[in-house]
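Asks: Hey, can you work out the whole structure from these sequences and the hints?
There are 2 protein chains.
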Amino acid sequence: MEKQNHIVSAFDRDLEKIQAQIMKMGGLVEDAIRQAATSLETRDEDLAEKVRAADKQIDVLEAQINENAARVIALRAPAAIDLRMILSVMKISANLERIGDYAKNMAKRTSVLSKMPPVSDSTGAIRRMARLAEEMLKDALDAYIRRDATLAAEIIARDEDLDQMYNALFREFLTYMMEDPRNITACMHLHFIAKNVERMGDHCTSMAEQVIYLVTGAHPDEARPKADDTSVSTRG
Amino acid sequence: MEKQNHIVSAFDRDLEKIQAQIMKMGGLVEDAIRQAATSLETRDEDLAEKVRAADKQIDVLEAQINENAARVIALRAPAAIDLRMILSVMKISANLERIGDYAKNMAKRTSVLSKMPPVSDSTGAIRRMARLAEEMLKDALDAYIRRDATLAAEIIARDEDLDQMYNALFREFLTYMMEDPRNITACMHLHFIAKNVERMGDHCTSMAEQVIYLVTGAHPDEARPKADDTSVSTRG
Chain V
7 MEKQNHIVSA FDRDLEKIQA QIMKMGGLVE DAIRQAATSL ETRDEDLAEK VRAADKQIDV
67 LEAQINENAA RVIALRAPAA IDLRMILSVM KISANLERIG DYAKNMAKRT SVLSKMPPVS
127 DSTGAIRRMA RLAEEMLKDA LDAYIRRDAT LAAEIIARDE DLDQMYNALF REFLTYMMED
187 PRNITACMHL HFIAKNVERM GDHCTSMAEQ VIYLVTGAHP DEARPKADDT SVSTRG
Chain F
7 MEKQNHIVSA FDRDLEKIQA QIMKMGGLVE DAIRQAATSL ETRDEDLAEK VRAADKQIDV
67 LEAQINENAA RVIALRAPAA IDLRMILSVM KISANLERIG DYAKNMAKRT SVLSKMPPVS
127 DSTGAIRRMA RLAEEMLKDA LDAYIRRDAT LAAEIIARDE DLDQMYNALF REFLTYMMED
187 PRNITACMHL HFIAKNVERM GDHCTSMAEQ VIYLVTGAHP DEARPKADDT SVSTRG
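First to last, the protein sequences are chains V and F. Residue 242, in my numbering, is where the first sequence stops; the numbers in between run on with no holes. Residue 242, in my numbering, is where the second sequence stops; the numbers in between run on with no holes.
Please note: incorrect hints may appear among the correct ones.
Which copy is meant is left open, so a pair is good if it fits within one copy or across any two.
Here are the computed lysine to any residue pairs in the SDA-like style, where the Cα-Cα straight-line distance is at most 25 Å [what the hints assert, rightly or not]: (1) K62 <-> H225; (2) K62 <-> N72; (3) K62 <-> D169; (4) K62 <-> G223; (5) K201 <-> L180; (6) K30 <-> R152; (7) K121 <-> M29; (8) K121 <-> R82; (9) K144 <-> G33; (10) K97 <-> H225; (11) K62 <-> T222; (12) K62 <-> A163; (13) K62 <-> Y219; (14) K56 <-> T156.
The hints are simulated quantities; they were obtained by calculation from the structure and are not laboratory data.
Replies: Encoded structure:
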């Protein structure tokens, strides 16, 4: 028994260290989302450059988390629930890395869009979407650390708002392009950015699903509504 | 020694079984890419529906592969190189799942685009891109099974062709939209599809990088050219 307790607490310490890295990574990704949206709206190319530079740090953290998780698996040979927790760390860090990538791609387009005339207040609409995604991410990280399945379920429901905002914006872009062909190039980029923010929400949802799986042992209902209805409802 | 040999070969048998599942999954994803591109070009909504149905099978296989890999880690507690091989199985199945998703999204848009007038021969150009992505995938799976780092490096280089095709198509879509606003909605969808195919190539590249990591123990040069230059070079 003595030995078993020792092994369990060594595993717990390992897991805590990795979770601290997850939280650090999550904080950087939250900053990236907010700064990418701000740089787009204020046409701040220096801030956009900062987002791109920070993404390298995010990628390094993901690699470290994966290495550490693999080391813990090899060293502790965790079974069942412990293994599930370590594997979820790897999945969550992959989600964070992808959200960071979307923020970086958003920031990349800032320098292009800064050289074009603004299209209505669309960057404001994107900032509002990004704000929602950032909140979802913050809550997904909280739900993960606290193993809070109720909060996780609430995040999954909130993803529908983000999808609705994206779908509305998609239609808005179509009208701007039809009104004036000079808007087309900018709208193609803006549409891409909006889609990227919508995808951030999908990854927050995936993190929330991981939390539910960790807490209940079951994957949440597969029947959740899909992200993007433009592929079925925009018959132009 | 007897026991050690026994453990090693049991691990090898486990790994072989999982690799067989990877190959099965890879075959389904290859079919999905080809059929999605064909359904788009021939406006075959039944075939598109088939691609969407097959994606569920792909998702189930990914879940099984992850479960089996976790079981092997827990049961065999593999160290160093063996652990690396098991973790790479999980990464490769994640890549395959995402490529399958892109094919499904492509098929989803078939029914929308079938109701619109065709835009030049753009679906043919997309089919050629998809053909290239399918070949990259086939070779990435071969490189993985044969642990062939040379073939893997060649796949990474080939991804540039796919990026160039995407960039050319992006510019083409811009001109169609500017020529005639009635092309705008269709071009938005087609652009999405082209971008999805370009992303398939990124995931094949990621698989090839896994192979190089497995064989050499080092990640390939981070300095590889990035996927999409429209964010920097399309100043419209």
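Asks: Up to 25 Å between alpha-carbons, please classify K62 paired with N72: within, between, both or neither.
Replies: Result: close within a single copy only, 16 Å intra versus 28 Å inter.
Asks: Reference check for the pair K62 and Y219, CA-CA at most 25 Å: within, between, both, or neither?
Replies: between (30 Å within a copy, 19 Å between copies)
Asks: As a check of your reading, is K62 near D169 (CA-CA no more than 25 Å) within one copy, between copies, both or neither?
Replies: between (28 Å within a copy, 22 Å between copies)
Asks: As a check of your reading, is K30 near R152 (CA-CA no more than 25 Å) within one copy, between copies, both or neither?
Replies: within (16 Å within a copy, 38 Å between copies)
Asks: For K62 and G223, with the copy left unspecified, which applies at a CA distance of at most 25 Å: within, between, both, or neither?
Replies: between (34 Å within a copy, 21 Å between copies)
Asks: Between the shortest in-copy and the shortest cross-copy C-alpha distance, which are at most 25 Å for K62 and T222: within, between, both, or neither?
Replies: between (35 Å within a copy, 23 Å between copies)
Asks: Tell me, please, which holds for K201 and L180 at an alpha-carbon limit of 25 Å: within, between, both or neither?
Replies: For K201 and L180, both the intra-copy (14 Å) and inter-copy (18 Å) Cα distances are at most 25 Å.
Asks: What label fits K62 with H225 when the C-alpha limit is 25 Å: within, between, both, or neither?
Replies: between (32 Å within a copy, 15 Å between copies)
Asks: How would you classify K144 and G33 at a CA-CA limit of 25 Å: within, between, both, or neither?
Replies: within (8 Å within a copy, 38 Å between copies)
Asks: My question is about K56 and T156: at a cut-off of 25 Å on alpha-carbon distance, are they close within one copy, between copies, both, or neither?
Replies: neither (35 Å within a copy, 36 Å between copies)
Asks: At most 25 Å between alpha carbons: which applies to K121 and R82, within, between, both or neither?
Replies: Cα proximity of K121 and R82: none, with 54 Å in one copy and 57 Å across.
Asks: Between K121 and M29, at a C-alpha cutoff of 25 Å, which is it: within one copy, between copies, both, or neither?
Replies: neither (36 Å within a copy, 47 Å between copies)
Of the numbered hints given earlier, the model fails hints 7, 8, 14; all others are met.
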